[in-house]
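Please arrange chain A on chain F, whose structure you already have, making use of the hints.
Number of protein chains: 2
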Amino acid sequence: MLERFKVAEEDRIYVTEATINAATKSIFQALGVPEREASIASDVLISNDLRGIETHGVSNMLRNYVAGYQDGRLTPAPEVVITRETETTLVVDGGGGLGVHVAPDVMDKVIAKAEKYGLGAACVTNVGHMGASGYHAMKAMDHDMIGLAMSTSGSSVTLPTFGAIPRLGTNPIAWAVPANKMPPFVFDVGTSQIARNKFTLAKRVGAKLEPGWVAGADGIPIMEEMDVPDQFGPPWLLPLGGTRENGSHKGYGLGSVVDILGSILTGIGPGFIALTPGFHLMAYKIDAFVDPGKFKDDMDVFLKGLADTTPATDQERVVYPGLLEAESESERKISGIPYHVEVIEWFEQIASELGLNYSLRN
Amino acid sequence: MLERFKVAEEDRIYVTEATINAATKSIFQALGVPEREASIASDVLISNDLRGIETHGVSNMLRNYVAGYQDGRLTPAPEVVITRETETTLVVDGGGGLGVHVAPDVMDKVIAKAEKYGLGAACVTNVGHMGASGYHAMKAMDHDMIGLAMSTSGSSVTLPTFGAIPRLGTNPIAWAVPANKMPPFVFDVGTSQIARNKFTLAKRVGAKLEPGWVAGADGIPIMEEMDVPDQFGPPWLLPLGGTRENGSHKGYGLGSVVDILGSILTGIGPGFIALTPGFHLMAYKIDAFVDPGKFKDDMDVFLKGLADTTPATDQERVVYPGLLEAESESERKISGIPYHVEVIEWFEQIASELGLNYSLRN
Numbered sequence: 001m002l003e004r005f006k007v008a009e010e011d012r013i014y015v016t017e018a019t020i021n022a023a024t025k026s027i028f029q030a031l032g033v034p035e036r037e038a039s040i041a042s043d044v045l046i047s048n049d050l051r052g053i054e055t056h057g058v059s060n061m062l063r064n065y066v067a068g069y070q071d072g073r074l075t076p077a078p079e080v081v082i083t084r085e086t087e088t089t090l091v092v093d094g095g096g097g098l099g100v101h102v103a104p105d106v107m108d109k110v111i112a113k114a115e116k117y118g119l120g121a122a123c124v125t126n127v128g129h130m131g132a133s134g135y136h137a138m139k140a141m142d143h144d145m146i147g148l149a150m151s152t153s154g155s156s157v158t159l160p161t162f163g164a165i166p167r168l169g170t171n172p173i174a175w176a177v178p179a180n181k182m183p184p185f186v187f188d189v190g191t192s193q194i195a196r197n198k199f200t201l202a203k204r205v206g207a208k209l210e211p212g213w214v215a216g217a218d219g220i221p222i223m224e225e226m227d228v229p230d231q232f233g234p235p236w237l238l239p240l241g242g243t244r245e246n247g248s249h250k251g252y253g254l255g256s257v258v259d260i261l262g263s264i265l266t267g268i269g270p271g272f273i274a275l276t277p278g279f280h281l282m283a284y285k286i287d288a289f290v291d292p293g294k295f296k297d298d299m300d301v302f303l304k305g306l307a308d309t310t311p312a313t314d315q316e317r318v319v320y321p322g323l324l325e326a327e328s329e330s331e332r333k334i335s336g337i338p339y340h341v342e343v344i345e346w347f348e349q350i351a352s353e354l355g356l357n358y359s360l361r362n
Numbered sequence: 001m002l003e004r005f006k007v008a009e010e011d012r013i014y015v016t017e018a019t020i021n022a023a024t025k026s027i028f029q030a031l032g033v034p035e036r037e038a039s040i041a042s043d044v045l046i047s048n049d050l051r052g053i054e055t056h057g058v059s060n061m062l063r064n065y066v067a068g069y070q071d072g073r074l075t076p077a078p079e080v081v082i083t084r085e086t087e088t089t090l091v092v093d094g095g096g097g098l099g100v101h102v103a104p105d106v107m108d109k110v111i112a113k114a115e116k117y118g119l120g121a122a123c124v125t126n127v128g129h130m131g132a133s134g135y136h137a138m139k140a141m142d143h144d145m146i147g148l149a150m151s152t153s154g155s156s157v158t159l160p161t162f163g164a165i166p167r168l169g170t171n172p173i174a175w176a177v178p179a180n181k182m183p184p185f186v187f188d189v190g191t192s193q194i195a196r197n198k199f200t201l202a203k204r205v206g207a208k209l210e211p212g213w214v215a216g217a218d219g220i221p222i223m224e225e226m227d228v229p230d231q232f233g234p235p236w237l238l239p240l241g242g243t244r245e246n247g248s249h250k251g252y253g254l255g256s257v258v259d260i261l262g263s264i265l266t267g268i269g270p271g272f273i274a275l276t277p278g279f280h281l282m283a284y285k286i287d288a289f290v291d292p293g294k295f296k297d298d299m300d301v302f303l304k305g306l307a308d309t310t311p312a313t314d315q316e317r318v319v320y321p322g323l324l325e326a327e328s329e330s331e332r333k334i335s336g337i338p339y340h341v342e343v344i345e346w347f348e349q350i351a352s353e354l355g356l357n358y359s360l361r362n
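Protein chains in written order, with this note's numbering: chain F, 1 to 362; chain A, 1 to 362.
No lab work stands behind these hints, which were simulated from the structure alone.
It does not matter which identical chain is used: a pair holds within one copy or between any two.
In silico BS3-like pairs for lysine-lysine, Cα to Cα no more than 30 Å straight-line:
1. K109 to K294
2. K181 to K333
3. K296 to K109
4. K116 to K139
Since we're looking at a predicted model, the values are computed, not measured.
Just chain F, with the same shape it has in the complex (with noise of 0.2 Å):
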């Protein structure tokens, strides 16, 4: 995450990972969700905290789900089903439940297949939003395989290119790969410019939106600074590159392969009618190609080589997708996650109105 984007030293309270986790498990639970299904949701959303994805923690996204529950958009305890299958296939209707603890159900059945036949693949939907999709998709990596998680985002608040209205979502797009002693390469990455829910992130540390970002009513790219909008859209998200002379067909084209494969084949129609989330999930069995243990292995030279790349003059080092989260990870799991004093308000107003009680203050 680009540095702008962190809380700012005097605004972070430190909380351990078991504590925000149970915490975080228990509003789950007195939402309705079941013990195991609380569990699963906790650990993918601190996870990607202790991974320094704070756009898919509890800060942004939480407070959504409590929502989602409390208007009904959300059922705590789905009845999910499976509506199509193959040897290699499925396709899962969600029963209305969270995606954060569906698709992780869901990939284990995919990895099943995978293991039997050397590929598996499901399209998942009537589901809430996933979480971040990288934490599915490193769900493959402990069984030897590679791991691929989409998700279309249930709006349309990105722009295909040269166009005025926006037509696709963040469309997020994620690759984990194992290595051997290497932390694994895990790629997850929204193909818009930025995410949208960065723009609540921004909007708390006080950063603007940088030029290429967002183009205004008229379709035209904004290449000044500009401060975060108050209210949903217009400006809309340009799609991965921006403007077309800088590749943004790119980022508009890869987002449109994300609703096809995560909206289109789950039966539901492109992601701007299905205005749902569909989610696209997939394992690749590494020994169906080559010896698990070269394969690691090669992945360390690979990963090695580009962290050891020469660094551009004005640059401290080259990182790789998932090097820089691996060292959050091992950190945070020491001396905390930083949350911003914001979000524990957050976490005590909500704790008082379930009726729960926890603290996250030392």
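Only chain A this time, still in chain F's reference frame:
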């Protein structure tokens, strides 16, 4: 393709598809490629030219292939061997043959596996350039499948974000998805800011490189327009996005995914060590997820929705990946393919060198 890369009207010579295809096929055959493979290879290249993908047609690529056969780097009649196989996957040794004709045969096997099990994938090694990844992905569409093709480039020309030494190729990736009435979705892009061989094309038509496309030996992105360099780097290509602020870490990660699936998963190690191309090909059977008729109707709605998007006030229209290419194909099947006069001259020269007898000028 950006307007600037197109051949100027006064430099154009129009040649019919049949004429250029026959000439190209005769060149392959004269170099020892069997008739069937020569046909496939010509079809791939001329398909790219018809679709307006000049970077990957005969103008740039054919002379490299000819040189490859002449100096022994490419085997004209390779022995292609399957070295590993499961229900859904195969790994193929291309016998040193040109990927342009090896990949379509492997893709047929991938499609057969997907037909039976829902998904199919292959890795291919010991093989030359694949032409353009889009062609191979598109083969899946006739079988009501989604196709995916990736290739590593066999050379390091693209910088990691913040790096000063190239570690990746241009590492292209393509997805092809059938529709019903609308031209299909064919997303076929390099994961660097531009294709390396667009340098050649730009030089031929006198175009310049855009700000944020390349970085100098110091690794710092060059943010002014510049002339095309005369020799092989530096300047090196920047990953899709250009600068970190503009999302180059996403292009860098996507290029790394291609390296992992195309090179490391084949068993030849990272691209920057293998320094030879590797392919990853995949097919998803649509019926394993949803009724193909419904899927293709939904694709029509999606693609029409994208193309009908209100354009930005400074733009004429919104397109989607594959639409302009389909329009170009329709037009060029009638009017012929416009080649730069310099390309025609090369065809004439190679004809005399190989003792061939064709005429490309009316």
